Each structure stands twice: as structure tokens, then as C-alpha cells.
Amino acid sequence: MAIVALVSAKGSPGVTSSALACALTWHRRLVLAECDPAGGSIMAGYLRGTLDGPRGIGELAVGELRDGNLEQAFWSQLVDLDAPKRERLLLPGVVDPAQAGSVTPLWQRFADFFTDLERGQPPYDVLVDCGRLNVAGPPWPILRAATVVLLVTRANLPDLSVTRSTVRAIERDLVEHRVPPGTLRLLLVGDGHGTGEISKALRVPVIARLPHDPRTAEVLTLGGTVRGNRPLMRAAGALEAPVRALLDQRLARLAWPAGEEVPGAV
1 MAIVALVSAK GSPGVTSSAL ACALTWHRRL VLAECDPAGG SIMAGYLRGT
51 LDGPRGIGEL AVGELRDGNL EQAFWSQLVD LDAPKRERLL LPGVVDPAQA
101 GSVTPLWQRF ADFFTDLERG QPPYDVLVDC GRLNVAGPPW PILRAATVVL
151 LVTRANLPDL SVTRSTVRAI ERDLVEHRVP PGTLRLLLVG DGHGTGEISK
201 ALRVPVIARL PHDPRTAEVL TLGGTVRGNR PLMRAAGALE APVRALLDQR
251 LARLAWPAGE EVPGAV
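In the numbering used here, the protein residues as written are 1 to 266.
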């Protein structure tokens with residue numbers, strides 16, 4: 001499936017907990033990459049700092065700038081979230097602000113590498129937590145390389161007001177870089193305005209809605225036992241189907257003869 005990127009506008013509607021919930025319920029081999037320039041939180045939160053030694057995208061960036069060894073070093077920097085199966089792997093984000101300066105120049109390099117993981121043996125999907133866009137050095141190359149970009153937002157008016165401008169910024173950038181249409185979708189979190197109302201107002205389809213489930217969100221943020229029957233985990237598990245359907249639709253659009261309309265395309 002290549003790359004599925006999750007990103008938010010101003011504020012913090014739960015991009016990391018949403019991405020982690022999806023990763024823990026994904027059915028294909030997956031790498032969850034924390035590419036938030038503001039820093040990663042899964043190692044210290046969900047994993048409760050139980051792993052010794054530095055690990056993650058910051059270490060990869062330093063090594064790549066020094067030795068150009070990303071392909072060789074990548075797998076040693078991952079954490080197995082479902083050990084020892086190596087089917088759900090985590091690439092932790094930066095923990096030292098100084099590392100962000102090393103990562104930012106390499107977003108395109110990481111985007112290209114993530115894209116290649118689908119063609120590896122075995123192949124891996126890549127779910128990318130891109131954090132908020134209103135930070136220094138956001139990972140735009142990863143959004144451009146993504147098969148699907150999920151803009152995570154709460155369904156209340158203040159959040160949607162900010163999300164509107166973020167939608168337009170993403171759309172302008174994708175058009176400017178000639179990304180095929182149909183990449184961007186909204187992922188709603190919690191209660192609030194209706195799905196159809198939001199989609200019409202922002203002129204972007206809503207792919208799914210994750211329920212307000214503070215108990216599970218706390219476990220995903222601070223650690224503990226994740227229960228698969230909780231509302232958030234069930235909804236996250238169901239998200240893979242529409243994402244895969246969107247991917248199939250985009251592949252069909254790219255393969256369709258130029259100038260002809262793809263049946264069912266949105």
C-alpha cells in the first residue's frame with residue numbers, strides 16, 4: 001500500500017494515538033514511522049521508556065548524513081510492537097530537539113525509502129505520524145509521496161475552522177507538485193458535527209470517524225493493556241478497509257486511459 005500519512009492542523013486532536021491504534025490493528029506488515037518534527041512520544045508514552053539506548057529516526061538521520069547508510073541501518077532502529085513476529089514495527093521519532101535539524105533535510109530521502117518498502121521482501125505498508133503542519137520543517141515530501149493523506153481533526157467548529165485553512169494549504173502543495181488528485185481525506189475524531197456536513201463544508205471526503213474513547217486513548221498515550229474490543233480499537237481496525245479501497249481506486253485511476261472517467265471515482 002506504500003505510505004499512509006496522518007497529519008493535523010493547529011492543536012492536537014490525537015494524531016499519534018490514532019496512528020498507533022491503526023498500527024496495532026493493521027492486517028498487513030506495517031512500519032509505523034514517527035515523523036513529527038516536534039518529537040516522538042510512543043517510546044516514552046505507550047512503551048513507557050522500557051527500551052535502553054537511543055533508537056529511531058534521529059539516529060538514522062545522523063548516520064545517513066555521516067555515512068549514507070540508511071538501507072543498512074534502518075532495520076536495527078525499529079521496535080517490534082508485536083515481538084517476535086516483526087509484523088508491526090515502530091520507527092521512533094526524535095527525542096532530542098537537536099536531532100530535528102538533522103532530520104529535516106532528509107524528508108525526501110525518507111519519503112523515497114518508505115515508498116520502496118512496499119516493494120521489499122517481505123513488503124511493508126508504512127503508516128506515518130506527521131504531527132502538526134504548523135511547526136518548523138514539516139515533512140512535506142512524505143505527504144507528497146503518500147498514497148493517502150489523512151487530515152485528523154475534531155468535529156467541533158473551532159477545530160474545523162483551523163482545519164479548513166490546512167486543507168487548502170495541503171491541496172495547493174499537492175497540486176503544485178503534481179500529485180494525482182484524490183489523495184486527501186478527513187479522519188474525524190470524537191463527536192460533533194455530522195460527517196456529511198463537514199465533508200460538504202470543507203469540500204473533502206471523510207474517510208472515517210474515530211469515537212471518543214478516553215480510556216483507550218490514555219493507554220495509547222501513557223502505556224498499559226490495549227483491549228481490542230474497545231470502541232477506538234474497533235474503529236481503527238475498520239479504517240484499513242476504506243483506506244485500501246481508496247488505494248485501489250487511485251491505482252485504477254492511474255491505469256485508466258487518459259481523458260476517460262474512472263467508474264466510481266471520487
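Since the hints were derived computationally from the structure, they do not count as laboratory data. Among the clues, some could well be false.
To be verified - Keeping only pairs whose Cα atoms sit at most 20 Å apart, straight-line, the calculated EDC-like set for lysine to aspartate or glutamate is:
| id | residue 1 | residue 2 |
| --- | --- | --- |
| 1 | K10 | E118 |
| 2 | K85 | E118 |
| 3 | K10 | E171 |
| 4 | K10 | D191 |
As the list claims (entries may be wrong) - Label-pair distances were calculated between CB atoms; the ranges are:
| id | residue 1 | residue 2 | range |
| --- | --- | --- | --- |
| 5 | G137 | E171 | 18 to 28 Å |
| 6 | R66 | R86 | 22 to 32 Å |
| 7 | P180 | V135 | 37 to 47 Å |
| 8 | V175 | R227 | 36 to 46 Å |
| 9 | T225 | L251 | 34 to 44 Å |
| 10 | R164 | A136 | 30 to 40 Å |
| 11 | R164 | T225 | 37 to 47 Å |
The model shown is predicted, which means the values in this text are computed figures rather than measured ones. For glycine and all other residues, C-beta sits at the position ideal for the given N, C-alpha and C.
Here is how each hint holds up against the structure:
no., hint, verdict
1, K10 x E118, "violated (31 Å)"
2, K85 x E118, "holds (18 Å)"
3, K10 x E171, "holds (17 Å)"
4, K10 x D191, "holds (19 Å)"
5, G137 x E171: 18 to 28 Å, "holds (21 Å)"
6, R66 x R86: 22 to 32 Å, "holds (27 Å)"
7, P180 x V135: 37 to 47 Å, "violated (27 Å)"
8, V175 x R227: 36 to 46 Å, "holds (42 Å)"
9, T225 x L251: 34 to 44 Å, "holds (38 Å)"
10, R164 x A136: 30 to 40 Å, "violated (23 Å)"
11, R164 x T225: 37 to 47 Å, "holds (38 Å)"
In summary, the structure is inconsistent with hints 1, 7 and 10 from the numbered list given earlier, while agreeing with the others.
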